[in-house]
Every structure is written in C-alpha cells, then in structure tokens.
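> Required output: the full structure, derived from the provided sequences and hints.
Heads up: the sequence shown is residues 1 to 244, going by the numbering used here.
Watch out, some of these pointers could steer you wrong.
Stated by the list, open to error - Between beta-carbon pairs, the in silico distance windows are:
no., residue 1, residue 2, range
1, N175, T202, 47 to 55 Å
2, T236, Q71, 26 to 34 Å
3, P51, R118, 51 to 59 Å
Said to hold, decoys possible - In silico lysine-lysine, DSS-like type, Cα no more than 25 Å apart, as pairs:
no., residue 1, residue 2
4, K73, K47
5, K167, K201
6, K47, K89
7, K89, K48
8, K167, K208
9, K128, K167
10, K128, K201
11, K28, K89
12, K174, K208
13, K128, K89
For the record, the hints were derived by calculation from the structure and aren't laboratory data. C-beta: ideal position from N, C-alpha, C; glycine also.
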Amino acid sequence: MEVYEECVPQNSECIVNNFNSIGDTFSKLEQYDEALDAYEQALLIQKKHYPESYIDIASSLIDIGHTKYNQMKLDDAVDYYSQAVVLLKEFDSTNHLQIATIFYWIGTTLNEQGSFDRAIEYLEQCLKIREASLSPGESDIMLVLSCLSETHQAHNQYQLALAYEMKLFLIREKNLSPNHQNIAQSLSNIGKCYEHLNQFKTALEYYKRALVIYVQHPLSSIEQGTMEDNIDRLLTTLNNFEIQ
1 MEVYEECVPQ
11 NSECIVNNFN
21 SIGDTFSKLE
31 QYDEALDAYE
41 QALLIQKKHY
51 PESYIDIASS
61 LIDIGHTKYN
71 QMKLDDAVDY
81 YSQAVVLLKE
91 FDSTNHLQIA
101 TIFYWIGTTL
111 NEQGSFDRAI
121 EYLEQCLKIR
131 EASLSPGESD
141 IMLVLSCLSE
151 THQAHNQYQL
161 ALAYEMKLFL
171 IREKNLSPNH
181 QNIAQSLSNI
191 GKCYEHLNQF
201 KTALEYYKRA
211 LVIYVQHPLS
221 SIEQGTMEDN
231 IDRLLTTLNN
241 FEIQ
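Structure below.
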C-alpha cells in the first residue's frame, strides 16, 4: 500500500478503492480494528477531495457502521447508519430499497440494544418501503416480517406478533409447496402465538398441521420432536381444563 501511495496522487479514487478493498479483506478475516482503520482512511479522503460524491460517502459510512456493529459498538453503528440515510434521502432519494435496508440494519441494531420501540419503528418503515417496491413473495419482505414477529414475541406482544406471522404464512403458502419446511415453521410460530394468547385449541391445530409437514422431512427430527412435545403439552392442558 505504501508503494502504491507513492505512485498515485493522494487524492486519487484509486487510493479510496484500495482502502475499501483492504477494509473488505480485513472484515472477512474478522480483523475489525484494521478494517475500521482502512474504511476511515477511505472516508477521510472522500470527504476532503470528493465532498460531492455523496453516494460513495454513504457507502463508506455504511461500511464503518457494519464494522462498528461487528465490534459490538452499537451506538456508533446506529450513528453511522443514520448518517448514511441522511445523505441518501437528500441526494439519492429514489433509492428506496437501499434506504429500507439501512432502516432494517438500524432496527436490528436498536433491538440488540434493547431499544424496542425505536427498533419497531425502523423495522416498520423498512417493511412499508419494501412492500411498496417489491412483489409480495420477495425474500426481503419475508425477512422483515419474521424479524418484526420475533421482536414482538421477545417482548411478549403475541397479538402483534401473530399479525406478522399470519402475513408471512400467507405469502409462504402462496409461493411455496404445501409441504415446504418454511410452511411448517410458520404454522409452528402461529401455534406458539396462539398458545401464549391462551387459545390452546387453535394453537393445537396449528402444531398438528406443522407436525404433518415435519414428519415428511427426515432431517427435521428436532422440529418434529418439538411439535410432538407441544401437542402433548396442550393435550394435557386441555384435559386438565375438562376435568376441572
């Protein structure tokens, strides 16, 4: 790199690209301190010599945000992601999907910090943009639906989680084969939500439907066992209610 810098002007885009490549390499090796140094060098040159290259600067901010996230410096990660959003909204506002993706990263990072309400806000913004820009069966939509459900479940908001699980299930049902394992996963998650809402008979039906699919997949023995345990537990619960 030192020899390269002697041969190429300090403000050359080649130097920026080289720093970014070095950062990418260190990131893959999980050497995040070194990666961060390279990305910061790239950003420094961009801001000094190419201040109007807003999209490239946003990309560098995202790279630094990812690196901060991997270092578990979550406040810093959110800050860099947010800076990137500001630039994209002002100078690349039609790039809705990139903005949505950054909202997703901010949401998941905030969730890890325990900032539940703010996390939900960003994830819902991500979902809104993706639903407006993509076809319903796109994996990016299903990903954020699943994340929203998991986030609500983690905070015992099972009624809200159920709404997202149902939406995800309908998409999967429309786009996947009836015995696909992801269908079983949705049925299982819906059953879990109903169980926590004390709607045991409904939960039982969903667990049974999930089990029917899991038994068709030999590699899903763990999931099959879980469904059998869930069914046995609910049958016992319902029998106890009848005895009372």
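> All hints are to be evaluated individually against the structure, with a verdict given for each.
Do the hints match the structure? See the list:
Checking the proposed 47 to 55 Å range against N175 and T202 shows it is violated: the Cβ atoms sit about 24 Å from each other. Between T236 and Q71, the C-beta spacing of about 47 Å breaks the proposed range 26 to 34 Å. Here the CB-CB span from P51 to R118 is close to 30 Å, at odds with the stated 51 to 59 Å. Straight-line distance between C-alpha atoms of K73 and K47 comes to about 23 Å, which keeps the hinted pair within the 25 Å bound.
Restraint check for K167 and K201: satisfied, since their Cα atoms lie roughly 21 Å apart, inside the 25 Å limit. Straight-line distance between C-alpha atoms of K47 and K89 comes to about 18 Å, which keeps the hinted pair within the 25 Å bound. A distance of roughly 22 Å separates the Cα atoms of K89 and K48; the hinted pair therefore holds under the 25 Å criterion. Taking the CA atoms of K167 and K208, the gap is about 20 Å. The hint holds against a cut of 25 Å.
Of the pairs offered as hints, the one joining K128 and K167 holds, with about 13 Å between alpha carbons and a cut-off of 25 Å not exceeded. A hinted pair counts as satisfied when its Cα atoms are at most 25 Å apart, and K128 with K201 does not qualify at roughly 33 Å. Restraint check for K28 and K89: the C-alpha separation of about 29 Å exceeds 25 Å, so the hint is violated. Taking the CA atoms of K174 and K208, the gap is about 20 Å. The hint holds against a cut of 25 Å.
Distance restraint check for K128 and K89: the Cα-Cα separation of roughly 16 Å lies within the 25 Å cut-off, and the hinted pair is therefore satisfied.
Violation of the numbered hints given earlier is confined to hints 1, 2, 3, 10, 11; the remaining hints are satisfied by the structure.
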